[in-house]
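A.B. asks: Residues per chain, in single letters:
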Amino acid sequence: MLIKSIFGGKSEMTEAGSKKCPVVLMTRIRLARNIANTPFPGWAKETRRKEVLETCLPSVASLSQMKRGISAEISSLSDLERQILVERHLISRELSSNADAAGVVISKDQSISVMINEEDHLRIQVIKSGYRFKSAWNAIDAIDSALEEQLDFAFSQKLGYLTACPTNVGTGMRASTMMHLPALVISSQMEKVVRAVNQLGIAVRGLFGEGSDASGSIFQISNQTTLGESEGEIVKRLSSVLRTIIDQEMNAREKILEKDPNKLYDKIGRAYGILQNSHLLTSSECMNLASLVRFGVDLEMFPEKTRNIVDRMFIECQPGHVQYHAGHEIESSARDEFRAAYMRKQFENVARPIFNLHEMSSEDDTPKPDPEQEAE
Amino acid sequence: MAKPLKCDVCSEPATVHLTQIINNQIHKIDLCESCAEQKGITDPSGYSLADLLVKPESQSAPEVAALSCPECGCTQREFKKTGRLGCGACYETFASVVNPALLNMHKGDSHKGKVPQRALERATFIDRLGTLEDGLKEAISSERYEDAARMRDEIIELKKAMEAAALED
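Chains A and B supply the protein sequences, listed in that same order.
According to the UniProt record's numbering, the first sequence holds residues 1 to 376 in order.
According to the UniProt record's numbering, the second sequence holds residues 1 to 169 in order.
Just so you know, the hints here were simulated from the structure itself, not pulled from any lab data.
As the structure is a prediction and not an experimental result, all values here were calculated from the model.
Cβ coordinates follow ideal geometry from the N, Cα and C atoms, glycine included.
Watch out, some of these pointers could steer you wrong.
As the list claims (entries may be wrong) - Short, incomplete list of chain B residues facing chain A, as computed with Cβ under 10 Å:
1. A66
2. P70
3. E71
4. R84
5. G86
6. L102
7. H106
8. G108
9. K112
10. T131
11. E133
Stated by the list, open to error - Listed next, the in silico DSS-like pairs over lysine-lysine satisfying Cα-Cα at most 25 Å (straight line):
12. K158(A) - K107(B)
13. K112(B) - K45(A)
14. K107(B) - K134(A)
15. K236(A) - K259(A)
16. K6(B) - K158(A)
17. K158(A) - K4(A)
18. K107(B) - K236(A)
Stated by the list, open to error - Over the 12 Å line for every Cβ pair with chain A, so calculated as not near, a few chain B residues:
19. E33
20. E78
21. A148
22. E154
All chains should be built: construct the whole structure from the sequences, respecting the hints.
C.D. replies: The following block contains the structure:
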């Protein structure tokens, strides 16, 4: 029931990036909030956790933004349902595995989710497709203010919002983008980028956060620090790093095309061939192939509408989604078979790539981030 | 964040964390200080959060190590083990440990962001109430009864306003 409505609707996650800024798939902001004078979830006894859940779940569900959304206690969800929510970034792995007196409320369009009793009492999250910090901030600020009308948040004038982990204290805000950086990966420059941005207090992680791999050349890039700067200042600093990473990626693309276009065309051509014809596909291989096709879309080898198919593939090739499409739980090897069949079908009508030696981006053509974030 | 990390070599609490990308995979290595030293990992520019948080406090006084939060009962040992605090009051209880770490891990030591308006109003109420109550005591002890009566009335009004605001919620 729950998952059916999740699959039925459009989602920012599966309608991800645009030609305007092909490097950034989506923008995400989350706020950590806690109820005043109440132990944090990791320390609280079960009765206190239950009290928090019973207070917060209806408060969050009653928000106008959550109208016709979904609200559920995590313990009432099946393993497969939880896995699908994790794969869609609507709940964290931690919440999924620590389900006692925990809950989630998800908006109808899946752009907002609020986790209850994760590391903090409330983890409010807004996802927007593409590079849209301003729009994400406006949305999350409104939800936070509406919740503050009903709930007393733990707040100190000196330290700001008080959180279970001191790494989140202050604004409680983690702003991030999911970036598709195939050229930096192909040219082995990612490690250098990670090291450089870490020095600036910016974290780089794989698609599923801490400890996850970087399948599909997708990286989550976010602020590390939350105290001593306003939300606007944090986003501004993060944006300037992101712009540099976008430039680096575009330069790397240009260099690959100048230096050895055939090597790249071969990779993209093979990816297309495998997706159209394979009979066994692991999720990691599938992500990497989808990444190459997405790179091909950016280079106009495939029609623009292919981007949407690929962005959905990033989500739908994952184990939970494959099992949902199969209609029942299946073993890993059977999933590979099912995944390949599903991708063959998706790629049935995708036109074969056009291999033209075309100049990458004169300066005017270089994709630019959405200008709205400038005003942040 | 998840559970505290253990050293990949000896299972002691890890305080040094390395991230490398090899063949598109992010590899993370977690080491305790002594294993990191043995392996020659001493990059001074590395950003190690746990290192800042869970640094052994050999210099700290024994009474500090025995601290526990009067509100939630969380102990300093627990905080050092998990890197998580028990409740909002822990920030005051463990200020001697937390505040220096905050300075190292953040851009500053005071909040400059959004303020919850209701919390701020509440704080203003409480501050004003505190000032009036102190003033009342002082006025009574110095036998300024007119002042005391004025302050008493103001306290009553303020408390009424606070109750009314609470009822509205």
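A.B. asks: Now tell me if each hint is right for this structure.
C.D. replies: Evaluated hints:
| no. | hint | result |
| --- | --- | --- |
| 1 | A66 | violated, 18 Å |
| 2 | P70 | violated, 12 Å |
| 3 | E71 | holds, 8 Å |
| 4 | R84 | holds, 5 Å |
| 5 | G86 | holds, 4 Å |
| 6 | L102 | holds, 6 Å |
| 7 | H106 | holds, 4 Å |
| 8 | G108 | holds, 2 Å |
| 9 | K112 | holds, 5 Å |
| 10 | T131 | violated, 16 Å |
| 11 | E133 | violated, 20 Å |
| 12 | K158(A) - K107(B) | holds, 14 Å |
| 13 | K112(B) - K45(A) | violated, 33 Å |
| 14 | K107(B) - K134(A) | holds, 22 Å |
| 15 | K236(A) - K259(A) | violated, 35 Å |
| 16 | K6(B) - K158(A) | violated, 33 Å |
| 17 | K158(A) - K4(A) | violated, 45 Å |
| 18 | K107(B) - K236(A) | holds, 14 Å |
| 19 | E33 | holds, 20 Å |
| 20 | E78 | violated, 8 Å |
| 21 | A148 | holds, 30 Å |
| 22 | E154 | holds, 23 Å |
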